[in-house]
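Undergrad: Below are the chains, spelled out letter by letter.
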Amino acid sequence: MSHTKKKMNPILRKELRLGSRSIKIPLALMFYNIVLALIAVVMIFSVNAVGGISGAFSSNGDAIDFSGFLYIFQVIGWTQLGITLLIVPILSAGSISGEREKQTLEIMLTTPEKPFSIIWGKLLASLSNFIMFIVTSIPIMAISFVLGGLNWFALLGFIVMILVVAILVGSIGVFCSSAFKKTIASIVMTFLIEFGVLFLPLIICGGVLGVEAIAYAAVTDQMMNPPDPNFGPTPFIMILTPLTGFFDYMMRVMNLTSIAEILREADMFGVITPILSYAWIPVNVIISGLLSFFFLRMAARKLNPIKKRKKKVPKQMEAQKLQGMPVAPQPQLYQPQMMQGQPQMQEQMPPQPIYAPPQPMQQAAAVPPVQNVEPVQQVAAVPPVQNVEPVQQVGEVPQQTLQE
Amino acid sequence: MVEIRNLTKTYGKYRALNNLNLHIDKGEIFGFVGPNGAGKTTTMRIICGLLQADWGEVYVDGIDSLNHNELIKRKVGYVPDFFGVYDNFKVMEYMDFYGSMYGIDGETVRKTSLGLLDLVNLSDKADSYVDGLSRGMKQRLCVARALIHNPQLLILDEPASGLDPRARFELKEIMKNLGSMGKTIIISSHILPELGEMCTSIGVMEKGNLIANGKVEEITKQSRQANPLTIQILENKDQAIQILRQTPQVQKLSIRDNEIIIAFCGEEADMAQLLSNLILSGVKVSGFHREEGNLETLFLEITGGEKR
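As they're listed, the protein sequences go chains C and L. Just so you know, this note's numbering puts 382 at position 382 of the first sequence, and the rest follows in order with no gaps. Just so you know, this note's numbering puts 592 at position 188 of the second sequence, and the rest follows in order with no gaps.
Hints are computed from structural coordinates only; laboratory data are not their basis. Please read these numbers as outputs of a predicted model, since none were measured by experiment. Please note that a few of the clues may not be correct.
[Claimed, not checked] Here are the simulated lysine-lysine pairs, DSSO-like style, with alpha carbons at most 30 angstroms apart: (1) C:Lys7 - C:Lys24; (2) C:Lys307 - L:Lys494; (3) L:Lys479 - C:Lys302; (4) L:Lys417 - C:Lys302; (5) C:Lys102 - C:Lys7; (6) C:Lys24 - C:Lys102; (7) L:Lys641 - L:Lys619; (8) L:Lys656 - C:Lys114; (9) C:Lys102 - L:Lys479; (10) L:Lys656 - L:Lys688; (11) L:Lys688 - C:Lys307; (12) L:Lys417 - C:Lys182.
[Claimed, not checked] Here chain C is said to cover these stretches of chain L; the calculated rule only asks that three of the stretch's residues, wherever they fall, bring their Cβ under 8 angstroms from a Cβ of chain C: (13) 467 to 479; (14) 634 to 646.
We put the beta carbon where it would ideally sit given N, CA and C, even for glycine.
The shape of chain L in the complex, shown without the other chains (with noise of 0.2 angstroms):
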């Protein structure tokens, strides 16, 4: 659905966008993860046509975004991270002058418009002024605005920043149902879990590098083997160390009180191998567990490398 090929851009000597090359399925929801400036807004942007790339290709369903910007601009909806609405404007009347401005004409976008405020649960607000709407509430409406044209690629750039638990939540039941539309989505988040419980699949990046890109499962699962160990001991303590010491897979080890924390780099079979013996030279364990994986630790992990 979406191919990006050696996209560079450059605003004045700082480079925000480094050779990306990414590749998204048709019907995958992507979450876009990365501490600000690493250039998730400025590939979006330049996905929608709204940003020049230096050097680059971008393909929409095959389509050369530079040259068929038109063609494009239909097939992708756009969600920036601001509101972008008319306080003076009733809902549906948003709705209708976005639909005049894709050409479709009043009554389709009536229909259309009514369908879409369902699926983002504001149907009881056709009526009212997009003024009187609250945060959640206008970044569902602009959701749906989004939508009214029947893009295939929804882009939604920190789509959560400044929600309340509860409208994220909603958010994310909408995102769900667009998904299983077979809409593609694009997303680009601070808040990971959340990233990790709709999308499919993910793309870290960091200064205009994508260092990861990959199944949600796969890079958890992946994340999991660099996450540390944490043994807790009984009795024997000093037995303990001296076998994690000798064993190879261990790399780092800090003690604290009863718990010992290793850096281990190995499979399932190995720390198995390592509990055993353990065991066998009669520390006593009362704990052995290792940090399941999830995208918080991930993310910190690999953008660690760079403080900001």
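Bound-form chain C, shown alone (with noise of 0.2 angstroms):
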């Protein structure tokens, strides 16, 4: 099995081939950076004009301090971080929904190919198109690195902490156009999914987060040794919430502080604090993989046409079936040949009209209780018959093997 060379998924194969013929890419990718430089464009001159942030160009001339750069990668950063949250909800929401129109689903469905494996062939051909969006403004990130000292880890971390985000609005994304008949549809709930996802537990815990620290100083105000604050679960709620491991990493990168380092020195909570500290961004990144994992998983789900659970199965048929009848409460006019059984009977039965003929059609459709009594009579006398010759059969053939 060396040999075997991993095939590209068929999916991702026909969407970047489709992709590279379309203008809308290239456009979009042209307006996107040409924000980002003029963002740059305007950071720059804003450091230089103030004198920096932090002093870039100090007036006197006596000390340029540089550092007022890094800024340009914060604001950018997070420019990126806006635009990714509004492209790939973009991108990944029409990916099934837009098939669908096309009337090409149904076709990719008579397939082999596994759901999970078109879903993600779908989410890779997004991200992939996102992916572009990330390289062809690292020139305009790396203005940071030339004149403010960072260095390419930095980056590469950002591109990683930024795709996580990407893979999960886009897991989204993907889910919503399965789930959901039209784009628009699609769009509109991945942008609601992404709110409740990303950043409804974040507003719900800063907010209890910052209710608990007023109420905390208004009763250890007075006290000499105030207890150590126990804000309850909250703060491990912020950990699971899948955007602060990319903030917690801005941060880091900055050298300011982690979200965990701003906790303790909040005094919030006391032991678990420094493990929290170390554990936030791999957790974070975890947990939003888990969450992408749920929400493709949940995409196949919904494109898999058969779904393997037990029908209820009508009880009168399930009594028909267990005294071996045949369920057909209209007439059948054409005994198939290959029904188990079925020859031995049709040969006592008197031959069957193929077609039969417009009146009695009627009458049967009028009084079906006369048409259906026929075939049970026939069929309830059969049965012993059936029962003995197959075995007769089974019997016969090993000896005349065993002869010959």
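Starting from the two chains in their separate frames, assemble the complex, guided by the hints.
TA: See the structure below:
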């Protein structure tokens, strides 16, 4: 098996081929980078004019502090996040519903390609377009490296962190695309779920923490020895919230601090803080990955037309089946040859009309019981014969083979 | 090849398929006939694995479709009643994409595609964009696409709809070729005379029930007996009517100028007897014939009970 070459996901291959013919993505890329470049230029001049946020070009010319250019990285980094949260839903939310609208989804589903593979290919295709946005913006991001002294690992880390966010948002988009018939509905729902998953817990946790901090301060204001604060589970919910990993990274990369550090400095919780500080980003990335996987699985489930679960069997049919009767409430005009046990039956039955002339047909429609009685009686008479014959045949065959 | 047992499918309260039983032999070209909403497409989609039945079993080549969905998909090629093409693809790329969906390697796909495009008369369009193809060409491309994995069973849903007579003719020729290659084909259509020409057997569906099923010749022969008998008379019309009234096989009788149209349920011999009776009693008969049975009249007859 060492020679088996891993094939590219066919959906991804197709999307790349089709995407390369479309003028939309290059135009979007151009627009995106123009916006970023404008922001960068404005930043450079503002750093220069104000003398730098921390004094890049000192007005008296004594000291030049280039760390002001680090803020270009911050501003562009956060802009990238904002644009990611806007672009990825649009890129991914039409992936399945677009196929549905082109009526190619059905055909796709008649192939043996697994639904999850289709979903995965669609996600990769959306991300491949997104990665182009990130890659083409590297030169602009690099201003901070040339002038600000950040190292390349910081950029690499940034790309990984933003990809984690993009994968999650893309998975939500593909899920909505699979769940909703129209692309427009899918895009709207993607934004709603994106807000619900990324921002809502953050807003709630932040609000709760703030209220708790104020309450704590008010209560302990007059105390000589205030007890350790206990904010309950709120900080731990924050670590589970996807976007905090990115926030944490952006703080760390500037050597500012980390979210856990801020929480500790605010003296919000005691023993676990150092561990939280180290584990914040890995835990957060894993949580994002799991959430993405969940959305992708749900999308594949929505896509799969065959769900292997036991359907409720109508009671009447079940009873008939148990008795070995063919379930045939309406006239069966043609008896299939291949059905087991049926050929013997046919010999004993009068040849059935292949096509019943119109008058009896109408009668049949009006008075079904008359038609029903006949086949049932015949079948009821036959079963003993049916049961015996196959056994005989089975017994005979091995003997013959032995003799030969 | 295809074995359907007790297939039932409901959409909400509407019963699209009602205990359908059907058997299609290997190598047959089976025509599915029925008014809109009869359950033809539902049946086809269930066979392809695009839809789950509420109840019942489908076997393709002896394989249970519900539990071995993937195996079935390798055996079945499906041409839906819409094109489903990517306009930005070239014809060969379109074929290549579906080949890759079946996990066939590029070289094999290219060779197979060339053969298939030849079969559907699209060889000269291999490098054209799908966008520029006519409806008939797109339809043929879809047929070629459905054959990329060399399926034993080909299912076509309303392939002739929206095609001009020329395109229909070409499609029919392709079907005949495929039939001679030993493929089993299920084809649904409203264009009944054409189905009659290319199919070896047909099934008539209405309201989720299969109401007639068998070889084309047998069905048309049977339907012939239900067709009216037209008698043209030059003289002695009253005499003729009197005789007809006395004949037990004559069920209905309508008179239009010199023509008497009767519903006659009887064999050829009875017809001959009737004719000689008329002539012997002095009626001058100038025409005596029965409408040829064709699928169109059969269809109208069978489905006539339920006006839509």
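Undergrad: Which of the numbered hints are not met once you compare them with the structure shown?
TA: 2, 7, 8, 11 and 14
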